[in-house]
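A.B. asks: Order-wise, the sequence lines are chains A and E.
Terminal number for the first sequence in our numbering: 877, no gaps in between.
Terminal number for the second sequence in our numbering: 276, no gaps in between.
Be a bit skeptical, because a hint or two may be false.
To be verified - Calculated cross-link-like contacts (lysine-lysine; reagent style DSS-like; alpha-carbon spacing at most 25 Å): (1) K145/A <-> K184/A; (2) K262/E <-> K145/A; (3) K710/A <-> K64/E; (4) K210/E <-> K84/A; (5) K28/A <-> K118/E; (6) K420/A <-> K374/A; (7) K598/A <-> K226/E; (8) K145/A <-> K206/E; (9) K262/E <-> K716/A; (10) K598/A <-> K222/E; (11) K396/A <-> K512/A; (12) K30/A <-> K64/E; (13) K184/A <-> K262/E; (14) K63/A <-> K183/E; (15) K276/E <-> K716/A; (16) K28/E <-> K598/A.
Said to hold, decoys possible - Here are the computed distance ranges between Cβ atoms for each label pair: (17) G117/E <-> K84/A: 22 to 32 Å; (18) P750/A <-> L273/E: 53 to 63 Å; (19) D207/E <-> L766/A: 28 to 38 Å; (20) P750/A <-> E218/E: 43 to 53 Å; (21) E214/E <-> L325/A: 48 to 58 Å; (22) G117/E <-> D29/A: 53 to 63 Å.
Don't read these hints as lab results, they were simulated from the structure.
A virtual CB, placed ideally from N, CA and C, is assigned to each residue, including glycine.
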Amino acid sequence: MRYFITLIITLFFWQNLSGQIILQGQLKDKEGETLPGINVLVYLPDSKLMIAFAVSDAEGRFKTTVNSKSDSLDIEVSSVQFSKVHHRIANASQTLQFEMEYDTKQLETFTVKASAIERRGDTLSYLVSSFAGNEDRAIEDVLRKMPGIEIEDNGNILYQGLPLLKFYVEGLDLMKGRYGVISKNLPHGTVSTVEIMENHQPIRILEKRVLSQQASLNLKLKRDITTTGTAQLGSGLSPFLWDLKITPMFFTKNFQVVTSYQSNNSGNDVSQQMRIMTLQDFIHNADRPNANPDMLSIQAASLPGIDQKRYLDNKIHLLNFNGLLRMNKDFQLRTNLYYITDNQRQQASMQRTLFTPTDTLDFKEIIDNRLNDKYLQADFSLSRNVEKNYLNNDLKIQSRWDKRMGSVFTDGNDIRQSLKNPLKLISNELRSVNPVGKHLVEFQSYISYDNSPHSLEVNPGQFEGVLNQDEPYEKVLQQIDLTRLFADHSASFGFAWNRFSFTPKLGVAFRKQTLESNIFVTQQNEESEAGSGFNNKLDARHTQAYFQTEVEYKYGTFSINAKLPFSWQQVDLNDVISEKGQNLERLLFDPGLTLNYKFHNFWTVRASWTYANRLGDIDRVHYGYILKNYRNLSQNAAPLSETSRHNFVSFLSYRNPITSFFNSISYRYSINQSNLMFSNFILLDGTTILQASKLPNTSYSHSLNVQSSKYFAEAKSTISFRASYNRNKGKSLINETLFNTTTQFSNFSPSLNVHVTEWFNTEYELDATYIQTFIEKELRSKISMLRHKFNCFAFPTKNQTFSLSAEYYKLQGTHNFFADLLYRYTITKKKIDLELRWNNIFNTKNYTSYQASAFMVSESTYLLRPSQVLISVRFSF
Amino acid sequence: MRKLIILLVLASSYSALAQKPLFDHPIKVLDQARFIANYTLIFNEDSLNLNVNRNENFLLFLGKEKSLFIGRNYYYFILEVQNFTTREQLQSFMYEYGTKGESSRFLWNFLKNYPNGKMTCYHHLTTGPFLYEEDLNLFDWQLTDSIDTIAGYPVQMATTDFGGRSWIAWFSPEIPFNEGPYKFNGLPGLIVKVYDTRMHYVFELKDIEKPDHEIAIEFIEKNYFKTTKARFFQAEDYERENMVSALKAMGDNLETQQRVAKRMAARNNPIELKRK
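Please put together the full structure from these sequences, using the hints given.
C.D. replies: So this is what it looks like as structure tokens:
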């Protein structure tokens, strides 16, 4: 039937010689198989100009319309795997059948080059002089013009849309990720060529194992020695404000230095820069002794949860030196030195309310603290990077000489505290990756030694009942000397079997420390020891061997992950003065199980259970009393704390990106068991004697979190809300009364974000918090807080940014309003940034926040920085 | 202590076995690529700032019946991630590189003639992986009588309207495929250069290479959001417009929000202007 119709159509068009004709037909191979996807090309006779074409369909059929006055046509059929077919045909509608012949040689008819896909790790070199123009200053301006390179607003360099892996100068990576200092300031005239290393793997042992898709960049310098730098100068009112940053640099082929001096009194804590932590640091620090064993303190108010620039009253000077030396082909030595001095003043008032079943106790303190911090840190890092081995050794020396003076006004008393908390710390960390058979094994070693001889002097003397037979006295002095040694060594690797993967780690950690402490009482200029109950001379040892395995099983969108850590722990404590001590040996198993399942595209469900056993920190055991701060005298003579916790988490989410509708709900329940309870003896003046006693107890906590957000395209707006509810239930022991406590936190926070135009965003958020404290099921306190936040930012042109943030809050009858304004303008050609910042426009005096714990609610009111305007300019030299 | 040693010995006895990849989504091999065409795209996503041109490299894997068009960096990214055997490797990779920015501007690929007569379009957004189908026969090409030589190949010009733009394509009858970059196909010869009349998106062939071994053209069976083109465009537009609140929900600070808002504002000129 089909052939019949074809024939009729063919005959019909055969008659139509005036213009349009139809060419159609079918393509087959020798076996009669129809051939799809083959090109049929129609040319004018002896011409290169194609006038019609067709591509054969699934049945090998083709059809095309030709409109030409020529008598004849050239038809060509071509495909990669068949030899070309040429025919000259009459310019008339007709049906054509072609039988194609396989031909592999045909493949070579067009130019093909050797495969570059196998060729990786290309290095491209660009001559700087051929890209540099008159208006360019820094190397960044020239880089911007090179093919494939882009520079983001924050100075990040992208190559083919990807961030650079490494930024080298003469093959040395001095600044790690913070290369913007170099690229924005190094004059382009000092650089001869820019090298781009594609698919660069900086760790050589991983070169053949882990492919990299990112590029690194290397600058080759013209001269042997290059010096340059940058400066940022800012000033404002009131009081007189300054903000300086000067960064000179020095480069040679084997030795490079970037130094900087920074100073301000505008509330910018520049010492934060050296505290940048990586994910690895967070994981490691959990197992190591607390870096600052601050056992003694002066009374301070809790920091408000707002931008630090709003309240920090500082005068900081920071000196920083970064040097990198290439020792030979394999080894590099890096040195980073920091020296910081900072004078800070903290002014706040704090209202504490404590609840017992029969009493409500209120205490008010006005706090005025002056901190004088001096800090030196030196890091020396030696690394070896060869094909057979990767090794990195970090030696760190820290020294601190802080002096802190505090005044507390409470109940008509003026209590002065003076704290000296110097610290000396030396640590060494070694990481080495070595191949063992087909696998890579990682060895880690960490050794640290620290000493902190601290002293706290309180004037007039406190706790006269316990320390001085109820007689008022001039001053009390607490001295402690803590010396600690810690060593942790481990090895880890990974492997897989069927649908399971395993990552075991084996290690041994050892810690040894001594704590000595004394309390001295001064009465009528005579200093005497408070007695043996107030002294400590404690030797402590903690040894542990651990074996951790993680097993994962995956099937499609379903996965189970099990953590199976075993540890054997031994603690030995011995106090020479009280002749008390303890010896503890435990084999702990802390399993964890997580299930994860994704279904129907948009849904995820997750459930997990973990069981954790912890031995208390040996830093916290002391058989004699220690005056931790002016109103806190504490003793921990009980056995080492042993806690265990069951934690159940369930999570469900629905995320639909097509309608931009995102929702999640999670619920957590945990049961905590502890063998110890801290008993609080609260004296009439608010001072507290803390004692740990053996009293097994259990606490429970529930927490529910809900989040939802939806984008409305018509209104260019996102409406979202977060809600959370927490309930903690436990027992407290105050003044020898044991009672039940329950604390509830509820929070509801809806927000609206309007994307007014491409360059203008506004956002409004309401934050409502409600805290309730119950003692023996009786509601004793409720606090409600309402905060309104408004933010907007705009960038009307590429070199201007404007932002305004405002906050209004109302709590317990008081209300407050504050707002900050920022305007930034860049003079693109001269590479000068101008910035105008007006903080605290309405000159709001203070900020109040609340904290609640099991039996206490505290209200802190912190003094803010006054309204101030700061203008700064940034340029290179 | 002895128990621990036994455990370790037990555990390490497995290590002689082969390593299992972390991402073991089922893979369907569809065809073998016998040629790879390297393209460069010069594009401008910001119609308000037309002097900044970005470029990105793409690969077109040409098989017997099917072809795959994918970003060069994105292809390497997928290869690399497939090598990972432990979550730690992925975590440190994502932490070190991933958090710094996007890995490639166009996380997309187009599998042509899969299923037969259709093309499978894949796009990765921050909100997830999307999949939709389009007809292979999308383009109504008009031949012109202009001929020229580009990259050493004789070419002829053809035009079409697609996605709200008018496109000009130069194809070479000497290279007997009917394929091209992006979704473009259906001309009797490989498309050597194709661009819209405003030159906002310019794809150009750099060279063709012949791999010394066959490279499989694969379809990875992942947990995709299977949808339509119109609904994918909706998700893409919503993602762009909603980015600031998404970042805020993830806890990013105001400075990051501002930087990303700037970047999103500069993406106002997608390759397919017609969104519905």
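A.B. asks: The structure should be examined with respect to each hint, and the outcome stated for every one.
C.D. replies: Going through the hints against the structure:
{"no.": "1", "hint": "K145/A <-> K184/A", "verdict": "holds, 14 Å"}
{"no.": "2", "hint": "K262/E <-> K145/A", "verdict": "holds, 21 Å"}
{"no.": "3", "hint": "K710/A <-> K64/E", "verdict": "violated, 45 Å"}
{"no.": "4", "hint": "K210/E <-> K84/A", "verdict": "holds, 20 Å"}
{"no.": "5", "hint": "K28/A <-> K118/E", "verdict": "holds, 22 Å"}
{"no.": "6", "hint": "K420/A <-> K374/A", "verdict": "holds, 11 Å"}
{"no.": "7", "hint": "K598/A <-> K226/E", "verdict": "holds, 15 Å"}
{"no.": "8", "hint": "K145/A <-> K206/E", "verdict": "holds, 21 Å"}
{"no.": "9", "hint": "K262/E <-> K716/A", "verdict": "holds, 16 Å"}
{"no.": "10", "hint": "K598/A <-> K222/E", "verdict": "holds, 11 Å"}
{"no.": "11", "hint": "K396/A <-> K512/A", "verdict": "holds, 20 Å"}
{"no.": "12", "hint": "K30/A <-> K64/E", "verdict": "holds, 18 Å"}
{"no.": "13", "hint": "K184/A <-> K262/E", "verdict": "holds, 21 Å"}
{"no.": "14", "hint": "K63/A <-> K183/E", "verdict": "holds, 23 Å"}
{"no.": "15", "hint": "K276/E <-> K716/A", "verdict": "holds, 17 Å"}
{"no.": "16", "hint": "K28/E <-> K598/A", "verdict": "holds, 21 Å"}
{"no.": "17", "hint": "G117/E <-> K84/A: 22 to 32 Å", "verdict": "holds, 26 Å"}
{"no.": "18", "hint": "P750/A <-> L273/E: 53 to 63 Å", "verdict": "violated, 35 Å"}
{"no.": "19", "hint": "D207/E <-> L766/A: 28 to 38 Å", "verdict": "violated, 59 Å"}
{"no.": "20", "hint": "P750/A <-> E218/E: 43 to 53 Å", "verdict": "holds, 46 Å"}
{"no.": "21", "hint": "E214/E <-> L325/A: 48 to 58 Å", "verdict": "holds, 49 Å"}
{"no.": "22", "hint": "G117/E <-> D29/A: 53 to 63 Å", "verdict": "violated, 21 Å"}
Consistency with the previously given hints fails for numbers 3, 18, 19, 22, ordered from lowest to highest.
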